[in-house]
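Student: Here are the chains, one letter per residue:
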Amino acid sequence: MISFLLILLSALFFVGIINKTKSKIAARKMPSVFQAVFDVVRLFKKGSIYSTTTSVIFKIAPIIYFSTVLMAVLFVPIGSQKGLLSFDGDFVFFAYMLALGKFMMIIAAMDTGSGFEGMGANREALYSMLVEPAFFILIGSMALFTNNISFHDLYANLHISSNLSYTISIVSIYILIYIAMVENSRMPIDDPKTHLELTMVHEVMVLDNSGFDLGLIHIATWLKFAIYGSLISDFIINTAWQWYYQLVAFIGIQIIFAMLIGLLEAFRARNKMEKNPQWLIMLSAIAVVVFLTTLIITNKIILN
Amino acid sequence: MSIIIFKVALILSIFQFAFSKKLQFYFSAFIQTIIIAISSYWAISAFSISSKVILPFIPFLGTSLNIEVDQLSAFFILVINFTVLTGLIYSKGYLQPYFKRKSKVEIAWHYFNFVWLHISMLLVVMLRDALAFLIIWEIMSLTSFFLVIFETEKKETITIGIKYLIQMHIGVVFLMLAFIWAYVQTGAEFSFDGLAVYFQTHNPFYLFILFFVGFGIKAGFIPFHSWLPHAHPAAPSHVSGVMSGVMIKMGIYGILRVLMYIHHDLFGIGIFILIISLTSGLIGVSLAIVQHDVKKLLAYHSIENIGIIGIGIGLGVIGLAKDIPVLAVLGFGGGILHILNHSLFKSLLFYTAGSVYTKTHTRNIEQLGGLIKKMPKTALFFLLGALAISGLPPFNGFISEFIIYSGMFKSLYASGLNTDIIILFSFSGLAIIGGLAIFCFTKVFSIIFLGTPRSEKAEEASEVSASMIIPNFFIGFMILLIGFAPILFMQPLSQIVSAFTGETSAIQQIIPTLNNISLSSGILIAIIGIVWLLRTWQQKKQIVSQKATWGCAYTGANPALHQYTATSYADNFVQLSSKLVNVKKDFNNFDEDEIFPKEREFKTHSSDIFENILITFPGNKLIVWLRKIAVFQTGKIQHYLLYALIFIFVIALLTYLNWI
Numbered sequence: 001m002i003s004f005l006l007i008l009l010s011a012l013f014f015v016g017i018i019n020k021t022k023s024k025i026a027a028r029k030m031p032s033v034f035q036a037v038f039d040v041v042r043l044f045k046k047g048s049i050y051s052t053t054t055s056v057i058f059k060i061a062p063i064i065y066f067s068t069v070l071m072a073v074l075f076v077p078i079g080s081q082k083g084l085l086s087f088d089g090d091f092v093f094f095a096y097m098l099a100l101g102k103f104m105m106i107i108a109a110m111d112t113g114s115g116f117e118g119m120g121a122n123r124e125a126l127y128s129m130l131v132e133p134a135f136f137i138l139i140g141s142m143a144l145f146t147n148n149i150s151f152h153d154l155y156a157n158l159h160i161s162s163n164l165s166y167t168i169s170i171v172s173i174y175i176l177i178y179i180a181m182v183e184n185s186r187m188p189i190d191d192p193k194t195h196l197e198l199t200m201v202h203e204v205m206v207l208d209n210s211g212f213d214l215g216l217i218h219i220a221t222w223l224k225f226a227i228y229g230s231l232i233s234d235f236i237i238n239t240a241w242q243w244y245y246q247l248v249a250f251i252g253i254q255i256i257f258a259m260l261i262g263l264l265e266a267f268r269a270r271n272k273m274e275k276n277p278q279w280l281i282m283l284s285a286i287a288v289v290v291f292l293t294t295l296i297i298t299n300k301i302i303l304n
Numbered sequence: 305m306s307i308i309i310f311k312v313a314l315i316l317s318i319f320q321f322a323f324s325k326k327l328q329f330y331f332s333a334f335i336q337t338i339i340i341a342i343s344s345y346w347a348i349s350a351f352s353i354s355s356k357v358i359l360p361f362i363p364f365l366g367t368s369l370n371i372e373v374d375q376l377s378a379f380f381i382l383v384i385n386f387t388v389l390t391g392l393i394y395s396k397g398y399l400q401p402y403f404k405r406k407s408k409v410e411i412a413w414h415y416f417n418f419v420w421l422h423i424s425m426l427l428v429v430m431l432r433d434a435l436a437f438l439i440i441w442e443i444m445s446l447t448s449f450f451l452v453i454f455e456t457e458k459k460e461t462i463t464i465g466i467k468y469l470i471q472m473h474i475g476v477v478f479l480m481l482a483f484i485w486a487y488v489q490t491g492a493e494f495s496f497d498g499l500a501v502y503f504q505t506h507n508p509f510y511l512f513i514l515f516f517v518g519f520g521i522k523a524g525f526i527p528f529h530s531w532l533p534h535a536h537p538a539a540p541s542h543v544s545g546v547m548s549g550v551m552i553k554m555g556i557y558g559i560l561r562v563l564m565y566i567h568h569d570l571f572g573i574g575i576f577i578l579i580i581s582l583t584s585g586l587i588g589v590s591l592a593i594v595q596h597d598v599k600k601l602l603a604y605h606s607i608e609n610i611g612i613i614g615i616g617i618g619l620g621v622i623g624l625a626k627d628i629p630v631l632a633v634l635g636f637g638g639g640i641l642h643i644l645n646h647s648l649f650k651s652l653l654f655y656t657a658g659s660v661y662t663k664t665h666t667r668n669i670e671q672l673g674g675l676i677k678k679m680p681k682t683a684l685f686f687l688l689g690a691l692a693i694s695g696l697p698p699f700n701g702f703i704s705e706f707i708i709y710s711g712m713f714k715s716l717y718a719s720g721l722n723t724d725i726i727i728l729f730s731f732s733g734l735a736i737i738g739g740l741a742i743f744c745f746t747k748v749f750s751i752i753f754l755g756t757p758r759s760e761k762a763e764e765a766s767e768v769s770a771s772m773i774i775p776n777f778f779i780g781f782m783i784l785l786i787g788f789a790p791i792l793f794m795q796p797l798s799q800i801v802s803a804f805t806g807e808t809s810a811i812q813q814i815i816p817t818l819n820n821i822s823l824s825s826g827i828l829i830a831i832i833g834i835v836w837l838l839r840t841w842q843q844k845k846q847i848v849s850q851k852a853t854w855g856c857a858y859t860g861a862n863p864a865l866h867q868y869t870a871t872s873y874a875d876n877f878v879q880l881s882s883k884l885v886n887v888k889k890d891f892n893n894f895d896e897d898e899i900f901p902k903e904r905e906f907k908t909h910s911s912d913i914f915e916n917i918l919i920t921f922p923g924n925k926l927i928v929w930l931r932k933i934a935v936f937q938t939g940k941i942q943h944y945l946l947y948a949l950i951f952i953f954v955i956a957l958l959t960y961l962n963w964i
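Chains as they are written, first to last, in the working numbering: chain A, 1 to 304; chain B, 305 to 964.
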């Protein structure tokens, strides 16, 4: 329960911190940390416009998308705090839950019958397909290391047996950061601030969403950031620590992660669209390196 | 008693031809209800007494031919019965438009073959005698051949049917060879049980390969799959549903049945199955993405799902070989549950695709669009099938994939280096297959049902009749039941799996997890409901209006024109995998002196490289040779008499020289 509330709480600040970092670097006047929240509150006070081409799919999709992301939050542990739901193989459910949300958003985009949104939809479908193995290989490495298969147990036992686990952690964090960027359609896969529809991925998919639905989609994005931030913090937090250290570490890591994204976005250009698949496959390749490293650490590959 | 009624029903099926077109459906429904009732009774009693049901069937070559229903047979009997039942109900509406064109005998012949396809599939899983098995296997191929060529007026249908028949016979040759080989080597009885003797004393690998090729042609493993993408589109939809839903599973049944008798040297076999299955899964789904014919696309997805089933079975065999019980139990468990799951969502998808075909007369998805407004029920059922086949929770496809995943992740720690690497490939493969399935089904669902109609055919569509909707409700109910309450199916599943692995404690251990999944699915539905209510409440106070789709503030063009097409949706994937999917673009480029360009066409089409290499290329070579030999066929009686004379002369000479 605590982890659920903490993630919800950190989600509120997340996009604010990213934007603050970006404007600081660009030497612009900084918006309030809560600007994103204000925007969504404004959206919740508005009516909606639905395209005449759309059907019931378009109306239900944002709701299902939001619900799946909220569901995904329930599985995420923080330090020694279990997620609200925790069982063997919960990460499979977690990954497929996010996939369900994406499936609905993709068909909703196609439902509008717009060329732009079709473009975004098929890019999103391809990229999220390509990034899927990286996540599974990462979790597989942890299962190999700890002999557990639920999120909480994986993390809880990660740093217990030996400090060699930190070698896995570092590379895993690198991969997770980029998975988070792909899942949220950020740099270097997609540029949320671009002005041209033809170069967008996620933003172009939601062109026709408005009012309440758009608000939900925004909140889902925050939640996704907070989810991945928590997963990253779990790689660092040792469950043997006192609860207040864990709490401080969690908050600290979330803030650093958000600032890091801001930095990445400020200094990096978007990949060329056709290079994206290669770049995504590279993530899986690095994940395989993590797997092999784990095999070495667990003495299954014997080197000398 | 039950066996007598069963036999009477078999004999009665001949009276199909005595009824008028309208009554034929009811007569075959009558016969099949009897068969379903009796065979299901046997199946359920096999499950409830936890052992075999053995009944004498007919006298056969001096001995009594027995029907044997063990748990594996019982499982397949129930799967067959359910899918055939839904197919039968669906056929009532689907065949209606053909009544004008087809004669009474043609319709009766179709139903007769449908009934006998059902009977032969049941007998395939119930007979153990090798000769009887091969005969009934042959009947299954023949009846399905006649079902495929129902639309005989189309010339290509006949060609496809003949191709199908030839490939089935190549499969039978492998099976025959395998049985005879085992018989010759051991002299044990000529049946499945006789194989046990062979496998005890010999290296099982090579005989297994023979069986695998024979059964694999039926199951559609790559590279033995090339009949599938042709036969399914050509057949009527209820037949495609039954063929894809259960008939190709007879191949899987055969493989499982043979595996039951092998108890040593399993590692090589496991690796073999796993590699073929991963290839089938990945290539099947990749080729599915580039198809424009909806039924061909679904056929390629059958190959993909056979691959997933094979991954489960392959991992199970590896688990047995390496003595990792959790991998063995969950591998077999997931694979076998996926057989049931695939039979459900694939038949659902074929029925709904058939409904679309009935109303629009085209299977080319590029000509469809916007059908969700014209055929809302069909659309929702197609969506249900699409979500389930993509393996998304809370539907049934997720459960079987989840069980396979659990098996893999649970055994990572305990197993050795080799197995770890194998598992790494398997779960990465399964994850990519899942992602590609989502890619493919977002494409096909949105191109067929969403957006604006792309042709008049799609604009004039309307919802289909009740008999084509009702079976979808049954299947949809089962999909949700397995998705939300998988626990109900674990007891029978562990009985089936125990035949392979002995103990099934891993299934008992996974039950709390499955309960948690059911709970999570319930919570998801609750959250969706709450958010839906919140939005309704919010929108009550606000203005909700309808406007055209945003098109850069430009509203002049026809909305159907600037929609995404299936080709463009698939294009970025095609670029990634151009070598594999082999998409060719036909376009005449502009000449330099062509000042006023003429009208041009742009076409893309894909061809299956495996089919090209394995079937088309050798086939064409063979035809070239046969053409050369055909010089002897002059059509003149004098020449033929001359051949006969030469033949007699040669024989006489050889006899004289004492060479024969």
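Keep in mind the hints are simulated off the structure, nothing from the lab. Incorrect hints may have been included.
Which residues of chain A face chain B? A few of them, derived with a C-beta cut under 8 Å, are [said to hold, decoys possible]: (1) Gln81; (2) Leu85; (3) Ala99; (4) Leu100; (5) Met187; (6) Asp191.
Away from chain B, derived, C-beta distances all over 12 Å, residues of chain A [said to hold, decoys possible]: (7) Lys45; (8) Lys102; (9) Met129.
Covered by chain B, per the in silico footprint, the following chain A stretches (three or more residues, Cβ under 8 Å) [claimed, not checked]: (10) 131–141; (11) 162–171; (12) 211–218; (13) 244–255; (14) 286–296.
Just so you know, these numbers come straight off a predicted model, no measurement behind them. Heads up, the beta-carbon is just placed ideally off N, CA and C, and yes, glycines get one too.
Student: For each hint, tell me whether it holds in the structure or not.
Tutor: Evaluation of the provided hints:
At a threshold of 8 Å, the smallest CB-CB gap from A:Gln81 to chain B is about 18 Å, leaving the interface hint violated. A distance limit of 8 Å between C-beta atoms decides the matter here; for A:Leu85 the minimum to chain B is near 6 Å, and the interface restraint holds. Against a cut-off of 8 Å between C-beta atoms, the interface hint on A:Ala99 holds, since the closest Cβ of chain B lies about 6 Å away. A distance limit of 8 Å between C-beta atoms decides the matter here; for A:Leu100 the minimum to chain B is near 4 Å, and the interface restraint holds.
Because the beta carbon of A:Met187 sits about 19 Å from the nearest beta carbon in chain B, more than 8 Å, this interface hint is broken. The restraint placing A:Asp191 at the interface with chain B is violated, with a minimum CB-CB distance near 18 Å, outside the 8 Å limit. For A:Lys45, the condition that its CB be more than 12 Å from all CB atoms of chain B is violated, with the nearest at approximately 8 Å. Not every C-beta of chain B lies more than 12 Å from that of A:Lys102, the closest at about 7 Å, which undercuts listing it as non-interface.
Not every C-beta of chain B lies more than 12 Å from that of A:Met129, the closest at about 3 Å, which undercuts listing it as non-interface. Against chain B, the stretch 131–141 of chain A contributes 7 residues with a C-beta closer than 8 Å to a partner C-beta. That satisfies the three-residue criterion, and the hint holds. Residues of the stretch 162–171 of chain A lying with their CB closer than 8 Å to a CB of chain B number 0, which falls below the three-residue condition for coverage. Against chain B, the stretch 211–218 of chain A contributes 4 residues with a C-beta closer than 8 Å to a partner C-beta. That satisfies the three-residue criterion, and the hint holds.
Coverage of the stretch 244–255 of chain A by chain B is violated. Counting CB-CB distances below 8 Å, 0 residues qualify, and the rule asks for three or more. Evaluation of the coverage hint for the stretch 286–296 of chain A: fulfilled, as 3 residues show C-beta separations to chain B shorter than 8 Å, against a requirement of three.
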